[in-house]
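Peer 1: Take a look at the letters that make up each chain.
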Amino acid sequence: MRRRAGIGVLLILMIGLWPLGPAAAGVLKAGDVIRGEFRHEKHLKGVPKPLVSEGRFILVVPQGLIWFAERPFKFTTVIAPAGIVQVLEGQDPIRLPDTVSTAIASLRDMITATLTGDWKVLQATFDMKVETTATGWSRVFTPRSRSVGMGEHIAEIRLTGADLVQSIKITKVTGDIERLVFLNQNLTRAPVSAAEAELFRLVGKP
Amino acid sequence: MNRFGVAATILLAGLAGLYIVYVLTTGIPLRTDLLAFLPAASETDAGKDARTKLSRDIYTEYSRQVVILIGHVDARRSRAEARRYGRVLAESPIFSHVDLEVSRATPQAFAKMFRKSRSGLLSDADREALRTGRTADVVRRAYAQVFDGFGLIGGDWLRHDPLLLTTRYVSALPGLRSSLRIADGMLSVTDAGITWTLIRSEVAGDVYALDTQEAVIAVLARAAGTLSKKTRVLRAGAVFHAYHGAKSGIEETSLIAVVALFGVIFMLIWVFRSVGPLLMNIGAIVLGLVFGTAVVILVFGHVHVMTLLLGTSLVGISIDYGIHYCCERFESASPRDRLARILPGITLGFATTLIGYFCFIVSPLPGFRQLAVFTVSGLAMAFCVVVFWFPRGDRMTDVVRMPLHRETFENIAAALANPRTRHLLIAATVLFSAFGIAQVKIVDDVRKFQRPAAHLVAAEREVVRLSGAGRSPTLLLVDAADDQKALEVEESLDGDLQSLKKSGDVSDWIMVSDWVPSIRRQKENTDLVRAAWQSRDMQSYLQSIGLGSEAFPGESGFVTVDDLAAVPALRRLVRGAGKHIVVLNGAKESALAARLARHPFVHILNPAGDINLLLQRYRQRALWLLAAAVALIVPVLAFRYGLASAGRVIFPSLLAIFASIGAAGWFGVPFTLFGALGLILILSIGVDYAIFFRESASPHRAVTLLAVGAAGMTTVLSFGLLTASSLTAIRGFGLTLLVGVLVCVLLSPGLAPARSVEERAP
Numbered sequence: 001m002r003r004r005a006g007i008g009v010l011l012i013l014m015i016g017l018w019p020l021g022p023a024a025a026g027v028l029k030a031g032d033v034i035r036g037e038f039r040h041e042k043h044l045k046g047v048p049k050p051l052v053s054e055g056r057f058i059l060v061v062p063q064g065l066i067w068f069a070e071r072p073f074k075f076t077t078v079i080a081p082a083g084i085v086q087v088l089e090g091q092d093p094i095r096l097p098d099t100v101s102t103a104i105a106s107l108r109d110m111i112t113a114t115l116t117g118d119w120k121v122l123q124a125t126f127d128m129k130v131e132t133t134a135t136g137w138s139r140v141f142t143p144r145s146r147s148v149g150m151g152e153h154i155a156e157i158r159l160t161g162a163d164l165v166q167s168i169k170i171t172k173v174t175g176d177i178e179r180l181v182f183l184n185q186n187l188t189r190a191p192v193s194a195a196e197a198e199l200f201r202l203v204g205k206p
Numbered sequence: 001m002n003r004f005g006v007a008a009t010i011l012l013a014g015l016a017g018l019y020i021v022y023v024l025t026t027g028i029p030l031r032t033d034l035l036a037f038l039p040a041a042s043e044t045d046a047g048k049d050a051r052t053k054l055s056r057d058i059y060t061e062y063s064r065q066v067v068i069l070i071g072h073v074d075a076r077r078s079r080a081e082a083r084r085y086g087r088v089l090a091e092s093p094i095f096s097h098v099d100l101e102v103s104r105a106t107p108q109a110f111a112k113m114f115r116k117s118r119s120g121l122l123s124d125a126d127r128e129a130l131r132t133g134r135t136a137d138v139v140r141r142a143y144a145q146v147f148d149g150f151g152l153i154g155g156d157w158l159r160h161d162p163l164l165l166t167t168r169y170v171s172a173l174p175g176l177r178s179s180l181r182i183a184d185g186m187l188s189v190t191d192a193g194i195t196w197t198l199i200r201s202e203v204a205g206d207v208y209a210l211d212t213q214e215a216v217i218a219v220l221a222r223a224a225g226t227l228s229k230k231t232r233v234l235r236a237g238a239v240f241h242a243y244h245g246a247k248s249g250i251e252e253t254s255l256i257a258v259v260a261l262f263g264v265i266f267m268l269i270w271v272f273r274s275v276g277p278l279l280m281n282i283g284a285i286v287l288g289l290v291f292g293t294a295v296v297i298l299v300f301g302h303v304h305v306m307t308l309l310l311g312t313s314l315v316g317i318s319i320d321y322g323i324h325y326c327c328e329r330f331e332s333a334s335p336r337d338r339l340a341r342i343l344p345g346i347t348l349g350f351a352t353t354l355i356g357y358f359c360f361i362v363s364p365l366p367g368f369r370q371l372a373v374f375t376v377s378g379l380a381m382a383f384c385v386v387v388f389w390f391p392r393g394d395r396m397t398d399v400v401r402m403p404l405h406r407e408t409f410e411n412i413a414a415a416l417a418n419p420r421t422r423h424l425l426i427a428a429t430v431l432f433s434a435f436g437i438a439q440v441k442i443v444d445d446v447r448k449f450q451r452p453a454a455h456l457v458a459a460e461r462e463v464v465r466l467s468g469a470g471r472s473p474t475l476l477l478v479d480a481a482d483d484q485k486a487l488e489v490e491e492s493l494d495g496d497l498q499s500l501k502k503s504g505d506v507s508d509w510i511m512v513s514d515w516v517p518s519i520r521r522q523k524e525n526t527d528l529v530r531a532a533w534q535s536r537d538m539q540s541y542l543q544s545i546g547l548g549s550e551a552f553p554g555e556s557g558f559v560t561v562d563d564l565a566a567v568p569a570l571r572r573l574v575r576g577a578g579k580h581i582v583v584l585n586g587a588k589e590s591a592l593a594a595r596l597a598r599h600p601f602v603h604i605l606n607p608a609g610d611i612n613l614l615l616q617r618y619r620q621r622a623l624w625l626l627a628a629a630v631a632l633i634v635p636v637l638a639f640r641y642g643l644a645s646a647g648r649v650i651f652p653s654l655l656a657i658f659a660s661i662g663a664a665g666w667f668g669v670p671f672t673l674f675g676a677l678g679l680i681l682i683l684s685i686g687v688d689y690a691i692f693f694r695e696s697a698s699p700h701r702a703v704t705l706l707a708v709g710a711a712g713m714t715t716v717l718s719f720g721l722l723t724a725s726s727l728t729a730i731r732g733f734g735l736t737l738l739v740g741v742l743v744c745v746l747l748s749p750g751l752a753p754a755r756s757v758e759e760r761a762p
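Going down the list, the protein sequences come from chains A and B. Just so it is clear: in the first sequence, position 25 is 25 by this note's numbering, and no numbers are missing. Just so it is clear: in the second sequence, position 430 is 430 by this note's numbering, and no numbers are missing.
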């Protein structure tokens, strides 16, 4: 379904493009960990007010990404090469199946590739324009084809950053806009907590 | 009459020859599928008709599929090579379609279909939560989806389905287990450093027709020629098994025919010490085979490889008439006398054989019909050649010396006719039969008839392991009054399938109702959502997403089976109003059957099982037809010999039949339908032998023994060679004939005493 393509783009951007920041020297190494906070706004056509969600995240190379949404509702999403699992309070973890739409599965493969520094995966679909700003850089991705893959759904992806990615804005062909802002990011090599490791274990091995 | 016979035989043989030449130039319509040899479904029991036919249709559809994996260490190269390979297939008309790229139409068709519903499609988890009043759980799931950092729920979708029920329903749909991923629009899987790219294709014609098989193999070879040396190809599909079976069948048939022919040539030269009888007999055999094949193709439009294989037995029988004629050279000086001496015997023999096969020609079993038409027409031609051509072509006008001393044959004939020897032989045969029959194993399992080639099975397993494609699933038929009833039956079946999955008795399944719930279920779901709509949790959720406090908007529409028209893969599961297929993978049939006992509208479709039942029915009917043939032959014999003598003429054949079944027990060869077919031949051959002895006056028995012995040897040579076949069933057939003919040769001289000279006088 259409939603799946959106998941893909956002994930790839968040995981794959972090290392584009100059300080990160191009590629994150195994064991690198980024912790930070996020604010996610959705401006949906026909929905009167923007939808907002806030929380924190942790990106661990190469295990994957954990997304802890805290406001207005608590839930956790774990993305790893072996799959995507969502944990809601008081409910059994839900594994997003890759059987219905193989898009999810291909997305996971792309994530795996980007986690290991294979940028070609994203650049296969999008043209990239880089600009240097006073505080850092901005990158604009536009789909090469409007009729293939994510190009069918995404009109433009705009990123800003300095050492690390600071914001992502995705404009869909329908006119809906997603905006993600990353705050208080911290690149370390400190090991993940037992609880975080447990979350990765939920997804399992690929 | 004689001239007319000669002219008619020449005309018919000439026409058959020309027709066969024409057929050879246009491609032999050879069928290789064992199913083609068995009856059409509509000719079996009425009660199971529809299901058996459906089972066959689906079996045919599956048999057309060819799954190919193109493997290369470089993923991109794997896809590029697969594209090249697939293009060759797509350009060939022998493939009706080739799926190389993943269709983009299917997801769009799904989106359109599911968009029809707002609250009628619920995942099990949502349905359970709403049913037990846990609305908060449903709301939290919706929140997580709307606000998660990864989902890009569109405004239009959220307005349509604020709780995102349909989205979760789709996410929870059971699919088939597969490790395939989409890359560059193609499905591929990486295993042990090799990326395999999947090509699915469907053969346009009948995969059991030899010309189709050859065309498929040729196209695949051409496609493989476009690949680099480091590229590997794995293939799975029924067409490969069918081709292998056909090829080995043809090779075997050719080999057996050639070896039998050489054996026969050697024997004829030894017996007659002259090339004339050899040429005459070869002429009779060849014309018999050509005529039989021509008639079968004319009548049936095709000839089955099994008919050809079993039809080689014709070589053994049709030569009998010629041998009997030629053996008269040891007795009579003129060709006319030779024919006159043997004519009553071979005519009666031919008549009894005709009667024996007549039961098969009128039987509702097409495989038997074809075999019988082949044999009867071939024999008729050989008979006519002997009767009309032999005396004209016979240049020998002297009595010829026998190959051994005449006394030798007279002594053997006398020894076999001796009451003590006779009783001893009968007792030994009865004991042999009784002990053998006690141990005989009856087998109707089709899988044991055609042993699949190990290298094909290994490739198939690898394809399944890598891609999950090309599996042989278990199929269920839901047979209800209409589609809605069928969907309800499936919904009631779901619980049982879930339990079977838990116990490991089934791995996964595809069921129409998973994609299209019954309208009753969709209405129930809508009622559940309506009841929860005004709850506090629901209202606060709606407020938070800015959609305000609204009354339940109601269902927007129902998804029905008709919506599947745009999704061929699922539409294929609907086989008519109320007839739905459920595809199960990894099912253990015993556990499944136990569970299904409580679902009267659900039936296991088991093509192999159905075929086994057919084989069993064929085997039983073959035995009944044998009894019918005996019942028809006895009056004919009684008319000529009287009832008591008729009994003695047919007795060796009956004993031989029991001894043949016993031989299967002694040698541990399963008794199959083909063994039963062999018994019919034994009856024809045995009665012939006994008639020849019965028609032969005492001083003449040495020649008759030589003729029957030589005829028996040719038959044994042909059938003895069938015991070398790689097909278990054919091996059994060969053994049955080998033992049966030996018993007939040994018992006939003693049990079918010659008519007295007075009796023979006109």
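What the hints contain is simulated information worked out from the structure, not anything from laboratory work. Heads up, the beta-carbon is just placed ideally off N, CA and C, and yes, glycines get one too. Among the hints, erroneous ones may be present.
Cross-link-like lysine-lysine pairs, in silico, BS3-like; alpha carbons within 27 Å at most [to be verified]: (1) B:K588 to B:K53; (2) B:K579 to B:K501; (3) B:K579 to A:K45; (4) B:K53 to A:K45; (5) A:K129 to A:K49; (6) B:K579 to B:K53.
Far from chain A, some chain B residues (derived; all Cβ distances over 10 Å) [as the list claims (entries may be wrong)]: (7) V67; (8) V98; (9) Y143.
Peer 1: Hint by hint, note whether the structure agrees.
Peer 2: Results for each hint:
no.: 1; hint: B:K588 to B:K53; in the structure: holds (24 Å)
no.: 2; hint: B:K579 to B:K501; in the structure: holds (24 Å)
no.: 3; hint: B:K579 to A:K45; in the structure: violated (43 Å)
no.: 4; hint: B:K53 to A:K45; in the structure: violated (53 Å)
no.: 5; hint: A:K129 to A:K49; in the structure: violated (31 Å)
no.: 6; hint: B:K579 to B:K53; in the structure: holds (13 Å)
no.: 7; hint: V67; in the structure: holds (17 Å)
no.: 8; hint: V98; in the structure: holds (19 Å)
no.: 9; hint: Y143; in the structure: violated (4 Å)
Hint compliance for this structure: hints 3, 4, 5 and 9 are broken, all remaining hints hold.
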